[in-house]
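What follows is each chain in one-letter form.
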Amino acid sequence: MKVYLDNNATTIVDPYVFDEMEPFFVQKYGNPNSLHYVASETHIPLKTAMEKIYAGLHAPKEDSVVITSCATESNNWVLKSVYNEYILTGKKNHIIVSEVEHPSIIATARHLETMGCKVTYLPINSEGVVEANTVRDFITDKTALVSIMWANNETGAIFPVWEIGNICEEKGVLFHTDAVQAIGKTPVDVQGLNVDYLTISAHKFHGPKGVGALYMKKGRELAPLLHGGSQMGGYRSGTLNVAGIVGMGKAMEQAIDALDFEMTEIREMRDDFEDELLKIPDTFVVTPRKKRTPNTILISFRGIEGESMLWDLNRSAIAASTGSACASEDLESNPVMEAIGAEADLAHTAIRFSLSRFTTEEELDYTLAVVKEAVERLRGISSSYAYAPEGHESGLDAGH
Amino acid sequence: MGMDNLIGGTIWDEYSQKVTDLMNNPKNMGEITEEQAKKMGAKLIVADFGAESCGDAVRLYWAVDPNTDLILLSKFKSFGCGTAIASSDTMAELCKGKTVDEAVKITNIDVEMAMRDNPDTPAVPPQKMHCSVMAYDVIKKAASQYKGVDMESFEAEVIVCECARVTLSTLREVIRINDLTTVEQITDYTKAGAFCKSCIRPGGHEAKDIYLVDLLEEYEKEKMSKAADASAIGATATFGDMTLVQKIKAVDKVVDDNIRQMLIMDGGDMEILDIKENGVNIDIYIRYLGACNGCASSSTGTLFAIENILKEKLDQNIRVLPI
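In order, the protein sequences belong to chains A and B.
Position 373, counted from 1, in the first sequence is what our numbering calls 1274; the numbers after and before it change by one each time, with no gaps.
Position 9, counted from 1, in the second sequence is what our numbering calls 230; the numbers after and before it change by one each time, with no gaps.
Calculated from the structure, these hints are not laboratory results.
Relax, there's no trap hidden among the hints.
Here are the simulated EDC-like pairs of lysine to aspartate or glutamate, each with C-alpha atoms no more than 20 Å apart in a straight line:
| no. | chain 1 | residue 1 | chain 2 | residue 2 |
| --- | --- | --- | --- | --- |
| 1 | B | K368 | A | E1294 |
| 2 | B | K418 | A | E1000 |
| 3 | B | K259 | A | E1291 |
| 4 | B | K264 | A | E1291 |
| 5 | B | K248 | A | E1274 |
| 6 | B | K264 | A | E1294 |
| 7 | B | K418 | A | E1244 |
| 8 | B | K248 | A | D1213 |
| 9 | A | K1110 | A | E923 |
| 10 | B | K361 | A | E1294 |
| 11 | B | K239 | A | D1213 |
Far from chain B, by Cβ distances over 10 Å, these chain A residues were calculated:
| no. | residue |
| --- | --- |
| 12 | M951 |
| 13 | S1138 |
| 14 | A1270 |
Remember, predicted model here, so these are calculated numbers, not experimental data.
Where is the CB? At the ideal position from N, CA and C, for every residue including glycine.
This is chain B alone, in the form it adopts within the complex (with noise of 0.2 Å):
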């Protein structure tokens, strides 16, 4: 948490002057007709992507010279925040002049780096990234269109989140690149997940082949598997040098060999929340569960306990915070 966290902003404050100029003022808002395609002897399409009951929705239209490939002219129509208009226009903007091969290459990134005032300021805020990732679903849509293939093929990937139309590989690859270690994280960058929520994990309304713990669990493991390769290698980490969820990890072990029996017994439990450095300290945020929860030694004895086993297996310089 921390002091910059404790009294949020607005979303709007955090855009950049190039989205609200954007926003306010569109420059390739607009609709291309059979007519006008006609006479530049390009071929028109129409390619649709998002919902308006997701929240999201937008129409391009490109004019492609069907002997060049080239795109000749590009608008957009969009229903959406000011971000996903904004990224809508940069999108259509970075289409034009482009060949179709070439525009399917722009990347959600390069709408939201061409969006940016200054090349380290992000363009907007990440609950807001999904709106530049809908404008590069929409180019691959017009692509496949044009090309006379259907948009599955096109990308031989499988979609995970339906309603935000948020595939596997944009998935795997948003966790990676950003380290998301929380369903709520995915859904900030992506969208997915922040609809009917059947992707997120089985038991929705709707069965899925791959949901959303299933990619962080992946994740995970890769990361383990790599650090035990790191450490293969290397000496053991010590705690303090872990990275976070081998922390929690090493944690869960301490607690289940050690913790859990003496709690449960009591009929109590805790769980892990967090794990935080705080200068020499690293405090364990946990909460209690059951009969722990306003057990008077919960603050005392119990606590006591609890972190001095921690202390004794991990390091001397564990607190242990009830919350």
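The shape of chain A in the complex, shown without the other chains (with noise of 0.2 Å):
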């Protein structure tokens, strides 16, 4: 059985969404923006791609979804028009982000403040949530965005963000969420909370990857990050990546309707694959479950280094994720997990598993009985386990 547990990372692409693209690589082919007969081919399907989207986050029609290529795309956009806008000109000189957002915030912001601008990076607490108040705590005169995922991709995490939008609002400040981890996940919309930027990838939500969006509150249009051609009313510049929008609208509209089996089903799969979990003996998992999205679990195993638990898992043909910075490039522990503070021994012990709307019963049961040789075998190998004659003066604990 071949079982995929990392749907924080990609999803599978619905099937309904695939034939929903289909006709636009070799039947429909054409570039919207000519005036024959194969660019007017796609408009209607464009134009109802573009309704579902707007429906699925409950966007007005004067506001902005533009779509771009990804979420990283649409996360560099916002910090660095923010930045040509505000700070660049010297109206503002301060952003603040959570120290745990995407690596495309992360990364964004530390190469803003190479050029000028201070960033704060809000610390979580110790259920790996953003403390809204901390938000206010930070804000000055001088702040001119808040970014706050709405969820965390590596513990599901469900940020405070309908406070935090609030806080802004009253201090005048620009508010962004990457939404990524939210969609099809949690009710998301966006007239429900003071938002003026939202980022939305497809492939995050059964749909292909290579299209995402940004949501612009009306007045709150960014100024372009890619000029050209005045696709996308300008904002956004490119060909239309026709087939990319018609699948991110269908993914959408799949996301809306399975929301509530999202909720009550995959959640109550979920809980009960975590409990069973927690009956491995030494096993943490950090975040409460009711604060957290319905697919996801970061759990770790005491005396089990995260990467050769996911390779017993691997030889089974079971596929999850230690965290997007562990055993993937480099080897620095999971930085949530240091963030949340968890004891130190524990730093490297994490492993992710996310579910989706496609995960079943028998893959869960499966996966248990796997996980359960897994800990089995790898604290046989394990020192954290391992004897030591009486006297003997351990030096495995010599962490700082």
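Put the two chains together into one complex; each comes in its own frame, and the hints tell you how they fit.
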């Protein structure tokens, strides 16, 4: 059995989404900007897709949901355009982000720091959540923007974007939220909170890769990041990604239709699975379930280094994650685990299981059995559980 | 950069088959108890190295014949990723049947070489090299315990990175052998600087006697003085023949002497990011700072001026590319 439990990284394209996209490669391949009939074949499907995306976000028609290539582009756009308009011009000098934002926010903020922008990286509390009042504490009259994610990719923690939005409104500061992990997992309604900008990405909710969007409230439109042929109202030039936009529209519609299912059935499956995982001794979950998206579990297995757990899961064709910065490229411990202030010896033991509406009970039963075997094997190898003669002074807990 | 680096692969794909097999079925994984050692008439040594909080920890068990110093049995337990387990296993294997003095001579390179499928292909990618370094350190720890000396005196070594317990001599050696020029490379090879980061440069939460940036500077000076010696013997090297470090120095000097003042007067500045040979061209990548950034002239007039000065002073094939 193959099991995919890395849905916070990317998702399978829903077959209905794929069906909707298919005609736009070989049959209806027109450039929507042209005048002829091949172009006009794309107009109604594009309009329909945009309507679905607007409906999914509850965005009023007068606001702008600009299609981009991905969430990274949307996030870069917000930070860099705010920098150009407010900070480079000397009107403001400061932005606020959380310390657990996606790299497309953190790395961009660091880049802006090199160009003279002051950046506050807000801490998270022991439950992995940014507390709204910390935002208030750090806002100054020189703060141009607050950018706080709606839900965290590692823990699934849902951040208090409503309160943060209110604080920003009150203080007259722009508010952006990266809602990439929220769509299809928790209700997202741009009219339900004070938000100026909001980022989404299709491939996180069973749409195609290479297409995302940035919502901009009327009156808060940013200067473009990409200049050119004035597509997307001039806000984001570049030939329209017709198939991608159609795919994102359909994916949004499906995600909204499935939201109840996700919030009840998937949540229940996740909770049951988590209950079983927590029956394994020496396992730890940080963020309380009620404060999380319904699909995510970040769990530590004491004495088992995350990458070796992934290795054993992978051998049994189960795909999970140790967190975006851990076993992939650099060797640092999971940044969220560090930020939470988890016990030092658990910093390298976190595994993320992220479910989707395509996850089945059978897959989770199988995964549980494999996890139990892996825990037994790897704790058998682990020095953390190893024999030492009486009087042996362990040199293994020399952490700092 | 170039094609191979634009789309990263997974590090697991770079493991040798031996590493994979040992991770799946480590041969020397296990423990030696006091009773077992006693039955063999051997002395039990249990040595620990690393820390779970750093992501890697290993416990090495030796049963040593006190008369011959021969390691009769060697076992390990390890908290770590696949390469840490495979390296620990290989290290334990290499210890078997050696005397303690012989075992101390096993290096991380021996461990890594033993895990190769063929002699020319590394067993693990660079960012996983530290795993074999740790396997080597735990041997020294075990030997120091057996000989009843503490590890510091046994090694007579300064440790630069406490988290990863990387010694000064290891760092000097790794930097020199691999011609490392950045802190990131040092971290990939040794894991030094990957954790609390205090050892990278002054200003961390712990003050150090020596930092990674000092070691890089020391090595750079060493290379410079060697190059100076070499050029004193032969003719002065042309720009094209210089090493990268020399090129950067030379470009820096021209920028300082002839260019920077002009930029600063307009509220800007620049820095040199990299120098690459691209066919006949020598591409100098720069980053504009301050007011230069985004200035219209930075991609036209100012850029041409910078390029022309560098061409005139150093080499006609220079191209300047702002990033």
